[in-house]
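Asker: What follows is the residue order along each chain.
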Amino acid sequence: MNATQMASPAQAQPVLLDVADLRVHFPVSQGIVFRRRTGTVKAVDGISFSIRRGETLGLVGESGCGKTTTGRCILRLTPSSAGSIRFEGRELGALSHRALIAVRRKIQVIFQDPYSSLNPRMTIGQIVGEGPAVHRLTRNARQTEARVRELLGLTGLADDVYGRYPHELSGGQRQRVGIARALSMNPMFIVCDEAVSALDVSIQAQIINLLETLQREFGLTYLFISHDLAVVRHISDRVAVMYLGKIMELAGSGELYDHPRHPYTQALLSVVPIPDPDVESRREPLLLQGEVPSPLNPPGGCVFHPRCPLATDICRRVVPVFRDIAAGHQVACHHV
Amino acid sequence: MTEVAAPWSGIVLAGRLQRGGGALLRFARGQPLGAAGMLIVLLFILAAAGARFIAPFDPLTPDYAAMMTPPSLSHWFGTDDFGRDILSRIIFGARTAMLVGFVASFAGATLGLVIGVASAYFKGWVDSTIQRLLDVFMSFPLIVLALAIVSVFGSGVNNVIVAITIPMVPRCARVVRSSALVLREVPYVDAARALGFSHSRIVFRHMLPNVVAPYLIMLTSFMGQAILLEASLSFLGLGVQEPTPAWGLMLQGGAEQYAESAPWMPIFPGLAITASVFAFNLFGDALRDVLDPKLRV
Chain A
123 MNATQMASPA QAQPVLLDVA DLRVHFPVSQ GIVFRRRTGT VKAVDGISFS
173 IRRGETLGLV GESGCGKTTT GRCILRLTPS SAGSIRFEGR ELGALSHRAL
223 IAVRRKIQVI FQDPYSSLNP RMTIGQIVGE GPAVHRLTRN ARQTEARVRE
273 LLGLTGLADD VYGRYPHELS GGQRQRVGIA RALSMNPMFI VCDEAVSALD
323 VSIQAQIINL LETLQREFGL TYLFISHDLA VVRHISDRVA VMYLGKIMEL
373 AGSGELYDHP RHPYTQALLS VVPIPDPDVE SRREPLLLQG EVPSPLNPPG
423 GCVFHPRCPL ATDICRRVVP VFRDIAAGHQ VACHHV
Chain B
143 MTEVAAPWSG IVLAGRLQRG GGALLRFARG QPLGAAGMLI VLLFILAAAG
193 ARFIAPFDPL TPDYAAMMTP PSLSHWFGTD DFGRDILSRI IFGARTAMLV
243 GFVASFAGAT LGLVIGVASA YFKGWVDSTI QRLLDVFMSF PLIVLALAIV
293 SVFGSGVNNV IVAITIPMVP RCARVVRSSA LVLREVPYVD AARALGFSHS
343 RIVFRHMLPN VVAPYLIMLT SFMGQAILLE ASLSFLGLGV QEPTPAWGLM
393 LQGGAEQYAE SAPWMPIFPG LAITASVFAF NLFGDALRDV LDPKLRV
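Taken in sequence, the protein lines are chains A and B.
At position 336 of the first sequence (counting the first as 1) the number is 458 in my numbering, and the numbers step up by one without a gap.
At position 30 of the second sequence (counting the first as 1) the number is 172 in my numbering, and the numbers step up by one without a gap.
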């Protein structure tokens with residue numbers, strides 16, 4: 123739907139992933155003998171976006187806004203309740219088990235926590251080599267080992283980590299192992315779920331540079347999920363801002379950061395520190411009132427209205443349409 | 143492919159135990175009671191393995207000239223009402239006890255391990271069905287369920303092993319499942335799913351090796367219980383049958399009848415049962431403290 127007007131460098135590329143009206147609702151039930159459904163957590167509530175080949179889409183929002191659930195849904199780790207996810211034009215929900223395994227190879231993930239994302243009982247060589255060996259991307263043990271060593275080299279790891287266990291490595295090294303494991307399947311698309319959030323700032327920069335290098339080298343496409351606006355701006359071609367399970371604004375990253383249109387995006391950006399004390403002191407942060415409402419009982423109309431400085435009567439009654447306001451710039455707000 | 147394919151290689155006795163001598167020494171220093179228990183267990187295992195060479199007499203041949211002799215230099219623990227040497231019968235009885243103890247607890251704990259991890263991995267209705275089924279088994283006390291099984295299948299060593307294995311399965315499955323439920327949400331399991339691995343590979347290769355600690359603890363704590371259960375069943379006449387030497391069996395019959403005039407007949411097999419169960423429990427407790435201080439079975 124929104125695949126036609128993109129203000130990104132990857133404009134000429136075909137759409138790789140198209141998400142339309144995706145919903146993930148978790149039923150909440152009570153009672154032991156007679157279980158009854160008492161509510162629904164709308165973790166993701168009707169979001170649409172598409173990503174072109176070779177592009178990086180940033181997905182930002184506060185914790186609990188549904189950005190991780192969106193990523194898990196694309197990876198088929200969490201089932202969706204409604205909507206469609208098309209990868210290379212094929213609907214993931216309609217695939218047979220066998221076909222899904224083939225597609226899964228092309229969609230890989232890098233997790234936030236470099237400690238719990240590696241099996242503590244396997245060596246680095248086993249962790250990185252298991253995928254290629256199981257899916258017969260390599261034909262024998264020697265080929266697998268060569269492939270693993272190649273991947274370790276690509277991700278900037280020393281060759282001697284091959285026989286080590288995860289607990290012997292540092293956080294940054296572990297994250298590189300996670301990247302090597304994702305790359306081992308020759309993926310087209312990688313979901314980076316808070317991939318650098320748990321790392322030190324200096325290591326963050328190294329990992330981001332690595333991700334960018336790999337993207338250029340292998341033509342990878344990223345969905346970069348993060349709450350760190352500065353990191354997302356750096357790495358993304360386009361950025362989507364989520365709030366309570368909905369996308370509030372989506373635009374090219376330069377456009378979004380320089381001319382945010384949605385009041386929520388404006389508020390978010392106003393609290394990002396600027397590394398210049400003069401500018402910083404003259405700036406007025408746009409502080410929001412209250413807390414994020416519970417996704418169990420989201421506000422009617424526009425979900426942002428209880429905290430929005432621009433809210434009027436229409437915001438309380440009518441859900442704003444996610445619409446184009448300029449080429450490649452979409453906003454869900456009545457007052458923009 | 144070799145190291146990646148072997149699904150059990152990671153399970154081989156929790157790495158730290160494997161690193162041999164040094165670890166064993168540290169265990170002995172930190173857990174002296176546990177080390178003592180381990181030593182007694184080893185003695186019983188040696189006695190069972192080398193019974194033929196250690197036992198001074200044949201455990202089965204009656205000697206009507208030496209019936210109910212009190213402990214002496216030739217018969218250290220005395221003889222029973224058929225004139226059979228009690229020490230020899232205890233040494234051969236260790237075979238029955240160790241065989242039943244090890245096989246039943248290993249089978250029970252391992253079945254429980256697989257069922258527990260699978261139950262946690264598949265979640266939903268599979269999990270609920272398995273758990274309710276286990277509830278049914280758990281609602282019987284261990285000995286009652288074992289009695290019921292033996293009375294259906296009949297007595298004899300093999301059936302006793304089955305009868306002791308079955309009540310152990312749900313107990314281990316329960317404990318393992320609670321550990322595996324946590325693992326289910328761990329990112330490396332998600333990563334394995336994203337890599338398109340089969341259910342069995344994820345369960346056996348990625349989850350099982352990481353619940354080895356509760357498994358080992360259940361295993362050792364089961365061994366003492368299994369030996370006790372075998373002795374109880376034999377004592378009740380539903381376990382191992384005469385003339386096979388078994389400790390529980392030695393407490394029965396003549397031992398009851400002549401308990402006052404020939405107290406060595408029940409005392410020594412009773413001590414053997416007590417010592418072995420006590421040793422297994424000491425060892426199991428120490429192992430639990432070393433592997434997982436938080437877990438209390």
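None of these hints come from the bench; they were simulated from the model.
Incorrect hints may have been included.
Said to hold, decoys possible - If we take Cβ atoms under 10 angstroms as the criterion, some of the chain B residues that face chain A in the derived model are:
no., residue
1, R237
2, R335
3, H348
4, N352
5, I409
6, G412
7, L413
8, A417
9, V419
To be verified - Some residues of chain B that are not near chain A, with every Cβ distance over 12 angstroms (derived):
no., residue
10, A193
11, S293
12, L325
13, F339
14, L350
15, G396
Claimed, not checked - So the derived label-pair ranges between C-beta atoms look like this:
no., chain 1, residue 1, chain 2, residue 2, range
16, A, R258, B, A170, 23 to 29 angstroms
17, B, E327, A, I223, 19 to 25 angstroms
18, B, F295, A, R258, 56 to 62 angstroms
19, A, H349, B, L184, 38 to 44 angstroms
If you're wondering where the values come from, they're calculated on a predicted model, not measured in any experiment.
Backbone N, C-alpha and C fix where the C-beta goes; we use that ideal spot for every residue, glycine too.
Asker: Determine for every hint whether it applies to the structure shown.
Answerer: Right, here's what the structure says about each hint:
Given hint, B:R237 at the interface with chain A, is violated; its Cβ is 35 angstroms from that chain's nearest Cβ, farther than 10 angstroms. Among the interface hints, the one on B:R335 holds; its C-beta lies about 6 angstroms from the nearest C-beta in chain A, closer than the 10 angstroms criterion. Given hint, B:H348 at the interface with chain A, holds; its Cβ is 6 angstroms from that chain's nearest Cβ, closer than 10 angstroms. The interface hint given for B:N352 is met, as the beta carbon of that residue sits about 6 angstroms from the closest beta carbon of chain A, less than 10 angstroms.
For B:I409, the interface hint is violated, the least distance from its beta-carbon to any beta-carbon of chain A being 47 angstroms, above 10 angstroms. For B:G412, the suggested interface contact is broken, since its CB lies about 43 angstroms from the closest CB of chain A, more than 10 angstroms. Contact between B:L413 and chain A, as hinted, is not supported at the beta carbon level, the nearest pair being about 41 angstroms apart and thus beyond 10 angstroms. Given hint, B:A417 at the interface with chain A, is violated; its Cβ is 36 angstroms from that chain's nearest Cβ, farther than 10 angstroms.
Interface hint at B:V419: violated, since its Cβ lies 32 angstroms from the closest Cβ of chain A, which is beyond the 10 angstroms cut-off. The non-interface label for B:A193 is consistent with chain A: the shortest C-beta to C-beta separation is roughly 38 angstroms, beyond 12 angstroms. B:S293, annotated as away from the interface, keeps every beta carbon of chain A farther than 12 angstroms; the closest lies near 34 angstroms. At the 12 angstroms boundary, the C-beta of B:L325 falls inside the reach of chain A, the nearest C-beta of that chain being 10 angstroms off.
Not every CB of chain A lies more than 12 angstroms from the CB of B:F339, the least distance being 6 angstroms, so the non-interface label is violated. Once the 12 angstroms rule is applied to beta carbons, B:L350 is inconsistent with being away from chain A; the minimum gap is 9 angstroms. Interface exclusion of B:G396 from chain A stands, the closest Cβ pair being 53 angstroms apart, more than 12 angstroms. Judged by the Cβ atoms, the range 23 to 29 angstroms given for A:R258 and B:A170 is violated: they are separated by roughly 48 angstroms.
For the pair B:E327 and A:I223, the supplied restraint of 19 to 25 angstroms holds, since their beta-carbon distance comes to about 22 angstroms. With their beta carbons about 46 angstroms apart, B:F295 and A:R258 fall outside the hinted range of 56 to 62 angstroms. Checked against the given bound of 38 to 44 angstroms, the beta carbons of A:H349 and B:L184, roughly 56 angstroms apart, lie outside it.
This entry does not satisfy hints 1, 5, 6, 7, 8, 9, 12, 13, 14, 16, 18, 19, going by the numbered hints stated previously.
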